[in-house]
Amino acid sequence: MEARIGIRNTKSVIFKGIIVFFAFLITLPLIIILLYIIKQGAGQVNWHFLTNVPAPVGEAGGGISNALLGSFIMVLIASVIAIPVGMMAGIYLSENPKTKLAYYSGLCVDILQGVPSIVVGIVVYFWIVKPLGTFSALSGSVALSIMMLPIVIRSTEQTLRLLPASLKEAALSLGVPYHRVILKVIVPCGFAGILSGIMLSIARIIGETAPLLFTAFGNPYLSTSVTKPMESLPHLIFTYATSPYDDWHNLAWGASFILLMFVLVLNIITKLLTRKWKVQL
Amino acid sequence: MESTIVKAENYNSYFGDNHVVKDVNISINKNEVIAVMGPSGCGKTTFLRGINRMHELIPNATSKGKILLDGENVYDMNAIYVRSKIGMVFQRPNPFPNLSIYENVVAGYLLNGLKISKADKDVIVEKSLTSAALWKEVKDSLHKKGTFLSGGQQQRLCIARAIAMQPELILFDEPTSALDPISTSSVEALFHELKTNYTLIIVTHNMQQAARVSDRTAFFYMGELVEFDDTKKMFTNPADQRTQNYITGRFS
Numbered sequence: 028m029e030a031r032i033g034i035r036n037t038k039s040v041i042f043k044g045i046i047v048f049f050a051f052l053i054t055l056p057l058i059i060i061l062l063y064i065i066k067q068g069a070g071q072v073n074w075h076f077l078t079n080v081p082a083p084v085g086e087a088g089g090g091i092s093n094a095l096l097g098s099f100i101m102v103l104i105a106s107v108i109a110i111p112v113g114m115m116a117g118i119y120l121s122e123n124p125k126t127k128l129a130y131y132s133g134l135c136v137d138i139l140q141g142v143p144s145i146v147v148g149i150v151v152y153f154w155i156v157k158p159l160g161t162f163s164a165l166s167g168s169v170a171l172s173i174m175m176l177p178i179v180i181r182s183t184e185q186t187l188r189l190l191p192a193s194l195k196e197a198a199l200s201l202g203v204p205y206h207r208v209i210l211k212v213i214v215p216c217g218f219a220g221i222l223s224g225i226m227l228s229i230a231r232i233i234g235e236t237a238p239l240l241f242t243a244f245g246n247p248y249l250s251t252s253v254t255k256p257m258e259s260l261p262h263l264i265f266t267y268a269t270s271p272y273d274d275w276h277n278l279a280w281g282a283s284f285i286l287l288m289f290v291l292v293l294n295i296i297t298k299l300l301t302r303k304w305k306v307q308l
Numbered sequence: 502m503e504s505t506i507v508k509a510e511n512y513n514s515y516f517g518d519n520h521v522v523k524d525v526n527i528s529i530n531k532n533e534v535i536a537v538m539g540p541s542g543c544g545k546t547t548f549l550r551g552i553n554r555m556h557e558l559i560p561n562a563t564s565k566g567k568i569l570l571d572g573e574n575v576y577d578m579n580a581i582y583v584r585s586k587i588g589m590v591f592q593r594p595n596p597f598p599n600l601s602i603y604e605n606v607v608a609g610y611l612l613n614g615l616k617i618s619k620a621d622k623d624v625i626v627e628k629s630l631t632s633a634a635l636w637k638e639v640k641d642s643l644h645k646k647g648t649f650l651s652g653g654q655q656q657r658l659c660i661a662r663a664i665a666m667q668p669e670l671i672l673f674d675e676p677t678s679a680l681d682p683i684s685t686s687s688v689e690a691l692f693h694e695l696k697t698n699y700t701l702i703i704v705t706h707n708m709q710q711a712a713r714v715s716d717r718t719a720f721f722y723m724g725e726l727v728e729f730d731d732t733k734k735m736f737t738n739p740a741d742q743r744t745q746n747y748i749t750g751r752f753s
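Protein sequences appear in the order of chains A and B. Heads up: the first sequence begins at 28 in the numbering used here, then just goes up one per residue. Heads up: the second sequence begins at 502 in the numbering used here, then just goes up one per residue.
Relax, there's no trap hidden among the hints.
In silico contact screen, one side only, chain B against chain A (beta carbon under 8 Å); selected entries:
{"#": "1", "residue": "558"}
{"#": "2", "residue": "584"}
{"#": "3", "residue": "599"}
{"#": "4", "residue": "646"}
{"#": "5", "residue": "666"}
Result set (BS3-like, lysine-lysine): computed pairs, CA atoms no more than 25 Å apart in a straight line:
{"#": "6", "chain 1": "B", "residue 1": "646", "chain 2": "A", "residue 2": "211"}
{"#": "7", "chain 1": "B", "residue 1": "616", "chain 2": "B", "residue 2": "645"}
{"#": "8", "chain 1": "B", "residue 1": "733", "chain 2": "B", "residue 2": "508"}
{"#": "9", "chain 1": "B", "residue 1": "646", "chain 2": "A", "residue 2": "305"}
{"#": "10", "chain 1": "B", "residue 1": "508", "chain 2": "B", "residue 2": "734"}
{"#": "11", "chain 1": "A", "residue 1": "303", "chain 2": "B", "residue 2": "645"}
{"#": "12", "chain 1": "B", "residue 1": "696", "chain 2": "B", "residue 2": "531"}
{"#": "13", "chain 1": "B", "residue 1": "508", "chain 2": "B", "residue 2": "531"}
{"#": "14", "chain 1": "B", "residue 1": "645", "chain 2": "B", "residue 2": "622"}
{"#": "15", "chain 1": "B", "residue 1": "637", "chain 2": "B", "residue 2": "622"}
{"#": "16", "chain 1": "B", "residue 1": "619", "chain 2": "B", "residue 2": "645"}
{"#": "17", "chain 1": "A", "residue 1": "157", "chain 2": "A", "residue 2": "255"}
{"#": "18", "chain 1": "B", "residue 1": "622", "chain 2": "A", "residue 2": "211"}
{"#": "19", "chain 1": "B", "residue 1": "628", "chain 2": "B", "residue 2": "696"}
{"#": "20", "chain 1": "B", "residue 1": "565", "chain 2": "B", "residue 2": "586"}
{"#": "21", "chain 1": "B", "residue 1": "646", "chain 2": "A", "residue 2": "298"}
{"#": "22", "chain 1": "B", "residue 1": "586", "chain 2": "A", "residue 2": "211"}
{"#": "23", "chain 1": "B", "residue 1": "619", "chain 2": "A", "residue 2": "211"}
{"#": "24", "chain 1": "B", "residue 1": "646", "chain 2": "B", "residue 2": "616"}
{"#": "25", "chain 1": "B", "residue 1": "508", "chain 2": "B", "residue 2": "696"}
{"#": "26", "chain 1": "B", "residue 1": "616", "chain 2": "A", "residue 2": "211"}
{"#": "27", "chain 1": "B", "residue 1": "646", "chain 2": "A", "residue 2": "303"}
{"#": "28", "chain 1": "B", "residue 1": "523", "chain 2": "B", "residue 2": "565"}
{"#": "29", "chain 1": "B", "residue 1": "637", "chain 2": "B", "residue 2": "696"}
{"#": "30", "chain 1": "B", "residue 1": "523", "chain 2": "B", "residue 2": "508"}
{"#": "31", "chain 1": "B", "residue 1": "531", "chain 2": "B", "residue 2": "586"}
{"#": "32", "chain 1": "A", "residue 1": "211", "chain 2": "A", "residue 2": "305"}
{"#": "33", "chain 1": "B", "residue 1": "645", "chain 2": "A", "residue 2": "305"}
{"#": "34", "chain 1": "B", "residue 1": "508", "chain 2": "B", "residue 2": "565"}
{"#": "35", "chain 1": "B", "residue 1": "586", "chain 2": "B", "residue 2": "619"}
{"#": "36", "chain 1": "A", "residue 1": "211", "chain 2": "A", "residue 2": "303"}
{"#": "37", "chain 1": "B", "residue 1": "619", "chain 2": "B", "residue 2": "646"}
{"#": "38", "chain 1": "B", "residue 1": "733", "chain 2": "B", "residue 2": "696"}
{"#": "39", "chain 1": "B", "residue 1": "637", "chain 2": "B", "residue 2": "619"}
{"#": "40", "chain 1": "A", "residue 1": "298", "chain 2": "B", "residue 2": "645"}
Hint data in this document are derived by calculation from the structure and do not stem from the laboratory. C-beta atoms are modelled at their ideal positions from N, C-alpha and C, and glycine is treated no differently.
Excised from the complex, chain A in its bound form (with noise of 0.2 Å):
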């Protein structure tokens, strides 16, 4: 019996060794993606390179204002129409979990979810630029306003759901009618996920190359008309990764170091105020 126990308790051990282990393994990726593109890129950056237009081939220097300002656009825009859609969705969807119409909405969510970011640029391709005639701003916010939603309205209706009864007929029985209790009660106590579930819809986004590619597609120049083409970091780093001039590889480094940091300290805030404004149930 104590021989018995012993192996036991080697297997035990083992098996705790190969959980840390894997554990362990899943950070490496990110860390290594992380040292190689600060190796890469963060050298490109400083003043110049974040208040220029990227330079014509052959000229030295040159930056990525046009792609910041035109990605900071078109996520701005496509927050503004994602958020209250979805989180009005989201409520819906988590007030009323067992009728039809949140049965079938619900399944849609979860299919856009899948969707291909290409195939939402090439709807809204269909939708938006072809009518207008040319490639805006405007179009490429609606694609990642689309693939914004699924995140949104899950989030929301997850983070609701997870409120207890009690405290809805708390608001109820003190006459309080019934959209106020959502909008000073319900949502004022699910904030803290709602808001995460925002940050990271926009994490996601910001990075989103393929739905941009028919919509805003790209400008050399900076441009703040929503109804022209505009750059954004995604389509400058494709643009520029895949030509043939060691310039403008540099530029894409740099732009793929901003991205990252962009979405590492995203992340941070997000956790940081998650944490702050967590509701004590």
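Using the hints, position chain B against chain A.
Coordinates of chain B only, in the frame set by chain A:
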């Protein structure tokens, strides 16, 4: 002269086809403490939730008959108005976790968007918390979140929240079933205090509690109001055999 505050006339409640409260007729006087007792599933909570129209919020839940509040049928009034006139305290303490103790007390005003001055709020908060026997314990931490309080304190905070709306009638749905014995006795002691200003209807599983705190007791069984009489008489000399069986513990 005793005046009636709540009167149920042939009141029935349903969950879909399930008839859970059957033809209840009851008349409750001002400043009384009424205990509503009965075995699980007898319809006592459903009846209680019918009084302030919380019952109808559950999908498929319907009701028939009248509940008169000060002579007026609550089913002819606006549900939101009815709920703001009748206080309710639930089984589990449910302070709003996003609000401070102070904000929780005036939540009925804040959440309804009623504008009241800071001075008025201060008065309401102190008065309500004092009535709920909580003022002394929390007066230095009014701006902390209500959820940091103990279970018993949270429940008294919920009572203060109900009192703050100045209701005539407060409904309690098994208010101590989630509390430890010490918190329970602090809440029970409060019922005696509240009686002077309010009418209380308390649903309870606990017969001893009904005997301790109430003036009159209603016994529900299988959706019917079997007996409604002075608490003393109910526990010493009940008229109905079913009441007798229940209080002697022949079924629970």
